[in-house]
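Peer 1: Fit chain B to the known structure of chain G by using the hints.
What follows is the residue order along each chain.
Protein chains: 2
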Amino acid sequence: MRSIYCGQLNVSHVNEEVTLCGWVNKRRDLGGMIFIDMRDREGIVQVFFDPAFKSAFDLAAELRNEFCIQIKGKVRARPEGQRNTDMATGEIEVLATDLDIINRAEILPLDFNQNNTEEQRLKYRYIDLRRPEMSARFKTRAKITAFVRRFMDENGFLDVETPMLTKATPEGARDYLVPSRVHKGEFYALPQSPQLFKQILMMSGFDRYYQIVKCFRDEDLRADRQPEFTQIDVETSFMSAENVREIMEKLIRELWMHIKQIDLGSFPVMTYAEAMRRFGSDKPDLRNPLEIVDVADVVKDIDFKVFAEPANDPKGRVALLCVPGGAELSRKQLDDYAKFISVYGAKGLAWIKINDIDAGLDGVQSPIAKFFTAQQMQQLLQRANAKNGDILLFGADSQKVVSDALGALRLKIGKDLKLTDENQWAPLWVIDFPMFEETETGLSAMHHPFTSPKDLSPDELQCNVLEAVANAYDMVINGYEVGGGSVRIHKNDMQQTVFNILGINEQEQREKFGFLLDALKYGTPPHAGLAFGLDRLTMLLTGTDNIRDVIAFPKTTAATCLLTDAPSPANPAALAELAIDVVKKD
Amino acid sequence: MRSIYCGQLNVSHVNEEVTLCGWVNKRRDLGGMIFIDMRDREGIVQVFFDPAFKSAFDLAAELRNEFCIQIKGKVRARPEGQRNTDMATGEIEVLATDLDIINRAEILPLDFNQNNTEEQRLKYRYIDLRRPEMSARFKTRAKITAFVRRFMDENGFLDVETPMLTKATPEGARDYLVPSRVHKGEFYALPQSPQLFKQILMMSGFDRYYQIVKCFRDEDLRADRQPEFTQIDVETSFMSAENVREIMEKLIRELWMHIKQIDLGSFPVMTYAEAMRRFGSDKPDLRNPLEIVDVADVVKDIDFKVFAEPANDPKGRVALLCVPGGAELSRKQLDDYAKFISVYGAKGLAWIKINDIDAGLDGVQSPIAKFFTAQQMQQLLQRANAKNGDILLFGADSQKVVSDALGALRLKIGKDLKLTDENQWAPLWVIDFPMFEETETGLSAMHHPFTSPKDLSPDELQCNVLEAVANAYDMVINGYEVGGGSVRIHKNDMQQTVFNILGINEQEQREKFGFLLDALKYGTPPHAGLAFGLDRLTMLLTGTDNIRDVIAFPKTTAATCLLTDAPSPANPAALAELAIDVVKKD
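Chain order of the listed sequences is G and B. Just so you know, we're using the numbering used here here: the first sequence kicks off at 1 and counts up by one. Just so you know, we're using the numbering used here here: the second sequence kicks off at 1 and counts up by one.
Hints were generated in silico from the structure; no laboratory data involved. Glycine included, every Cβ here is placed at the ideal spot set by N, Cα and C. Possibly wrong hints are sitting among the right ones.
[Claimed, not checked] Partner residues are not named here, just some residues of chain B that face chain G (Cβ under 10 Å, in silico):
| no. | residue |
| --- | --- |
| 1 | E161 |
| 2 | D518 |
| 3 | A566 |
| 4 | L578 |
Here chain G stands alone, though its shape is the one from the complex (with noise of 0.2 Å):
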């Protein structure tokens, strides 16, 4: 029905006759005569109506914004002082001898190019994806799927189906249910991750293994968060942690080169001790100048017990962020970023802000500088590199409530004084996370319960558990986890030492992991993996920080989808054949 899209026509048209499909963007009447921008995929081109072709001109007179319509006409140079250069086909339009009306559109239930909410633009999504801005994300994205696989596949790696309906497993975040209509009373629960699926064809020999596939998480949800999402999912057999490492930073430095033409370089390794003491987090946005500076050594004399007593304590820190030009914040300011900062358990915010770096304890103002002699003060700016107009904002507390809120609090200050560059590119690999955390409940797998201790007999890690490394690695860019793996357990002995670390019973370690723990007994390769986020590669390359913009049907906060209305209540017949109740509310 066409010849060529809109967005495509160039002065190398002129005088060609074309046939257009597409929408109505916008209409004007200008001279006697009716201008219309057409859009379509490619773009937008200019069309004209002439009163000569009469026919074509009267329907024209009905043309209302997002009619979709068809046109046949000739391409023309614009007359000179009607160029726009801002425009790709701008040089030329079309003079239209034909119009058909293929279908009308009332009018729109949302402003096409002003800013409408988001739950408009969720609602009416069929319309919100017309936005050309919208779309080039889609392309992007698409984009970034086909390099994927066309790096996976030219590296040996063999693109494999695992299954959606599987079996439920303790991953650390909850699964979806479906219940089964043929063994009633049962469940296949939606994949939180390939994992177990993956190992297997590691078992199987098939060697490098990848996906680009759905996983589902049935978790309160995050701006960044979907309850569906999809992994870039990659399995190796017979490499270190290093090679993994290398081919997927390959990987990602390639599609950097091809969709954006930067140069990521070479990544930087540092381990999660090393990411946690200098900059509070294990995904460390390193485009931030600001880190994280010790000081519980300086301070552990001094008569201020909220400083000493954490300096003395083995599980207590005591830190510093030093922030250039901070002197001239003002008390509100620090009032707001102590309360920011009590979220993470901080309960105050000390400072220092630093007038005369030469004048010891004169050139300093601060409620807490009675505490210092002028010596241990000299060495608490020297320590932290103080320059005059700093400030100095403390943390001290257990070691968790310290990073945890220096680490936000040097993201937010970063934002807020403009220190960081957002034009950068930071990315970094973070490894050496620790096997096991202690929650609530007991000891966690940090990773999951399949990553390899480094370097640890399965003796030797049941006499270290708090201590045991992982053999694991998590990609950061820009402060964006958008990558984690490791080497996995392939040993039946280390799988069974880790399971009991974790409190899992004989009993159910037969009834949730006993095909695991059988297929490690017949001569499993050593193997190791990782995932990529893609929503969150997506994100990164196409500039957007809301995780629904790259996806083009998403949920909402509240995991509902607006333009569909899902989820809603189920034919009871439905229900009764797969014999389940709905609960009634109180």
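Peer 2: Here is chain B on its own, set in the frame of chain G:
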């Protein structure tokens, strides 16, 4: 950990030092040496251990089948007379200088190279998938998807993901439901296809869409059905049915050329009516030379009610299959065929054997010959194009029973008598399906309720419901429906007319399809699409008729995963959180 795959070694590597990783496929001790066939993803190579390399040799004595090992060694040409040209690596072998046993294997729970029950194969899938014939299928499957993606990308189709957690739709088969935790008592449905989302994408101006995507159907399973299956899903705007068929036929033709180096040629196009008349099926296997021949006009006056009644009933049909060489069939075989077609409602199987075509009534043998005059018999034999030694097999009943029975019998006899050339490829398009079919509960859409009628206005459709032809098309290869699609309705009034005909009242229309009816008001483009069954295409291209051989982790016909033992009872706490109860069994 490896320098090259086992299966990649050949004479060009002679004298090279290599490191290999893989599994012991077979071991044999011979002449004081230990030989193993070592296997990895790419194939098998012979490795031998010489006592000269003592530590490797001593360790090799421990090797058993399926041990996972790493060896270092030197490639050498096999001695004259020991070369094996059946094996890709048969001209060389590797002298192992180092051996590392990475992981031992217990005695396998199934026989690696022998036939095992499918239950065993599914339960120990990690071992079954090690068999080279299985891994070869998944390599082909990955090659198919990569080719399809490349073709679609090159032809301007945009890969867009649609949701898995969707709203229930009434598409004929049953939905899998997913209870929502946030909206207690409400449910998502897993998609039977992304039909409405891909139509919405067309309304959004995406112009050409594709996706390789999981779909779900909770229905009784047959040998070639799975609860989850994979679709190559396609939708286009501004294209006619012919345009869509042309580009999709090109895809399949190029796919066959890519995978099998076979040219399928141009696909014949046949109407549904013709397919039912000539082959008794809407997915005829054209490799089978048998055709159904209508004879109602010949038998309408004979004194045999079984024939005469349906021959005179406008809803009846009398037809025959003429089977070459079929006069040899025994009474027992004919009884078996009669029984075979009884499941389609046929009440018997009348037959006429032709001994001497020139001898008139004396030349045939049949319990029903007595009802025919010589002239009628001659007319019958001519119509059937019968020859000496043939048999005529009759169906006489309602159109549906006769078509179904003779259609099925045609396939069975084609196989039994080896009339069907299994090495051929016979693709075709079937078009012009009826819009609606009568079922026990009323009218239902033969394709789906979004399919456009062919050349009818809403008023004309309303007046010709049962005669109306849909603008739908199926692609059939060797009797399998590999794909199907249609031109969709793109006008609000037509969509409402179809819903009305289907007895969906206005309230239900709003509840279930309100968003679609709304979207149709804002300049929807004409659009059409198609979906291929990837699993079926892969079955055809890998030469298996078992769908479970082309899915890495399939379900049984009872929808169970024997590997992981899914589905399984759910955690009561999880059910409580979802506000659902399992109804106790009686």
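Peer 1: Indicate, hint by hint, whether the structure satisfies it.
Peer 2: Evaluation of the provided hints:
1. E161: With a closest approach of 6 Å, the B:E161 hint holds.
2. D518: 8 Å, holds
3. A566: Interface hint status for B:A566: holds (4 Å vs cutoff 10 Å).
4. L578: Holds: closest Cβ of chain G sits about 7 Å from B:L578, inside 10 Å.
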